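> Read top to bottom, the protein sequences are chains W and X.
Oh and the first sequence: position 119 is 118 in numbering that gives the first Met the number 0, straight run, nothing missing.
Oh and the second sequence: position 376 is 375 in numbering that gives the first Met the number 0, straight run, nothing missing.
Because the hints were derived from the structure by calculation, they are not lab data.
Predicted model only: the values in this text are computed from it and were never measured.
Check before you lean on any hint, since a few could be wrong.
[Unchecked claim] Here are the computed distance ranges between Cβ atoms for each label pair: (1) X:N202 with W:N58: 47 to 57 Å; (2) X:V641 with W:R159: 51 to 61 Å; (3) X:T534 with W:Q155: 18 to 28 Å; (4) W:H86 with X:D536: 23 to 33 Å; (5) W:A52 with X:G217: 46 to 56 Å; (6) X:I338 with W:D146: 52 to 62 Å.
Note that the Cβ used here is the ideal one computed from N, Cα and C, for glycine as well.
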Amino acid sequence: MFPGRASIIVLAALIQGLVPAAPAAGQPLQSTLEYSVKANYLVRFAAFVEWPAQSFATNRAPVVICVVGRDPFEGALERAARAQTAHGRALAVRRPATAEAAADCHILYVGRGGDSLIPAGEPAVLVVTDAAATANRGMIHFVIADDRVRFHIDLQAASRSRLSISSRLLNLALSVRGG
Amino acid sequence: MRQFRRGAAVAAFLVLPAVAQAEEAPAGAEAPIATARQLGFGPGDQDLTRLSLEELAMVEVTSVSRRPEALADAAAAIFVISNDDIRRSGATSLPEALRLAPNLNVQRVNSVDYAISARGFNGYETSNKLLVLVDGRSIYSTLHSGVFWDARDVMLQDVERIEVISGPGGALYGSNAMNGVINIITRPAADTRGTLISVGAGNRDADWALRHGGDLGGSGAWRIYAMGHRRGESWDPAGPEANDDAEGTRAGVRADWRAGDGRLTLQGDVFDNQVTINENLLGTEAHVRGGNLLGRWSAPLAGGELQVQAFWDRYERDEPDTLEKSETWDLAVQHAMEIGRHRIVLGAGHREVDSHLTAPPGGPFLDPPDRTLTLTNLFAQDQIALGGGVTLTLGAKFEDNSFSGPEFLPSVRVAWQRPGGDLLWGAISRASRTPNRIERDLTLPGFLVGAEFRSETATAYELGYRANPLPRLSFSINAFYNVYDDLRTVSATPVTLLPLNLTNRGEAETWGVEAWGSYDVTPAWRLSAGLTALTKDYDPTPTLDDLSGLISIGDDPEHQLLVRSQHDLTDTLELDVRLRAVDDLATVDGYVEADVRLGWRLTDQLELSVTGRNLIEDRHVETSDPLRGRAFGRSIFGALQVSF
């Protein structure tokens, strides 16, 4: 057995369908999987969070998932969002360059260095932070616990932004702060 | 007769109720380190976009050596009780929390004793086909192969999840996993940093728990906890209070480290519980005490992962004239690896149990009083991804026990993960339950002699289907057909009738269906339901081959229905309602009961709750055990929990 080879086989089985080509040599495989999981979480969150009706311009407006700061997903977010729906709406992925533009997102993932692009004034945006990128906690904060991607939820902050979070999501959280 | 309701007294009832009446004083009377993850089937060509939220949370992301597997992919009837489910149930003891699993039948016997089983055979003395693990440590007793639930508890606030598998556990689990496995997994110390204080009291019970945890250098974490309980009296079915109140304390520590590529866990607990026996007289204090230590080390090896686990467990039941002790040493090693399409797990384990029973004079006793039991196993499992979402798992276990020798237990499982994300699976497994001390060594001169009792065996056929057809709806349906052989019987000696022997002349077939599902009516309101149906086909006629009429088959409800509503009324108020409807037993009427909990999160650190239990009937009885069975009525319990 070749340890290195076996490892790649393991991961190849997993990420098939997510990554069109085999991962390039030297690419950090673990983090690819880690961020694929996080990307899929961001997409799933859309169905388990409810926004105020006025957050959507029209009945057909998509749920907008945004990334600010460094984008760690390498396309995984687009692949995860493709052909998915939430609340009967399509999903769209954007990368706003200003905090004003970020206020139009529904879900905002804050990558490294993106803290300054979190919109002020508590608009109805689900702010998702990542322990890998920042210590500041948003409404949902990704952490790695027991080798798995898990998260903490700040229900207080979500309520202030008039978001309601499904009990199914709360059940999965490592901790739920306030309400 | 009622005075001997516990451990040692198991002996009397086992033999024969009819004979017990004739006797004036009939008294005196496995688990390698596998987890459900390993039992399960690899997701094969898994596409993360098809995973549900819960499944995403199970994907291992940092361990490159193993193929991440989600419980949802396991080719077995698995129900998972989450930490939040336990919290919202208002349960304050482990057996009460197990009521959340639709694939278990939980019969509360008295204030602290329970009979818990899957797929039949339930009863305080007959529920002996379940393997129960706490963080990989087996807790069933080698005295009677059941679990003494009055001695086994955990701090529920720190439980990560409880995996309940109905059906044989497969090659990776021990031989007692004949009808099911309960795998209790506590949180890693890293997830329990900080302080938690919980106190609660009601008209029957009182509980408290303290826990504190922190970091251990840069690469580890620790916690320490202490907890205590007081259980109020139950009711004699005839009316008066049963005088069976109990109390106890438990404390423990856990530390987890990461050293290089390896991970090390050390944990241990001690407990001292006081229970009441002879309760229909004045009531005599008895104690159940014990402790355990467990170490587990895992590290990458040869493209896979090696895990080594050792534990020591001591248990002692001290009653007037009776002392039951057991001391268990267990070592288990397993190696999981990937070779192409194969995921292979190889393992071996060895256990020694020093068992002792001092029986009261004049009654049955164990001959010899002291015995060392050994249990050795070797197992192999190959999980093969056949493509098209189909996974084949072949397992085999070779087990040798000091009572009845070697056994070979093979199993075959097939899972088909369909393109829509639903899973269809089937399994055929051979399972066995090894003899226990009572079955081999129980002696009453002239009346009962220790016999050549062998293992009970079963062949189990299972089919299951689970799906998530709508984002808010998920369900699971499992059907089983089990053929049992060599079940425990009580045989007469030809011509002279006496002495009696415990023999393996029982046969039975059981079949049934388990179904459960949940639906999120709104993001704040989840409804769940679970239903089991069970049929047992056996011959209950007493014969000279079996004077007991196969009493070892247990007494189970044919149907059981659980309904649960988890509703977040506001951001801070949660209302949980649980209903359970349990069918008739042989001599006990069925019942319908409701538990209601109202929880209020005042701040993110402080939570208050009020739980009403058994709110429907004035009194109900859950077991048909004529000696031990007690009745339960309405109770109320308020609790306060602070964490910071």
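> Now, for every hint given, state plainly whether the structure supports it.
Cross-check of the supplied hints:
X:N202 and W:N58 have their C-beta atoms about 54 Å apart, which keeps the hinted 47 to 57 Å range intact. Taking 51 to 61 Å as the suggested C-beta distance range, the pair X:V641 and W:R159 does not conform, at roughly 24 Å. Judged by the Cβ atoms, the range 18 to 28 Å given for X:T534 and W:Q155 is violated: they are separated by roughly 52 Å. Taking 23 to 33 Å as the suggested C-beta distance range, the pair W:H86 and X:D536 does not conform, at roughly 50 Å.
The hinted window of 46 to 56 Å between W:A52 and X:G217 holds, with their beta carbons roughly 48 Å apart. Range check, X:I338 to W:D146: Cβ separation about 22 Å, and the 52 to 62 Å hint is violated.
Checked against the numbered hints above, the structure breaks hints 2, 3, 4, 6 and satisfies the rest.
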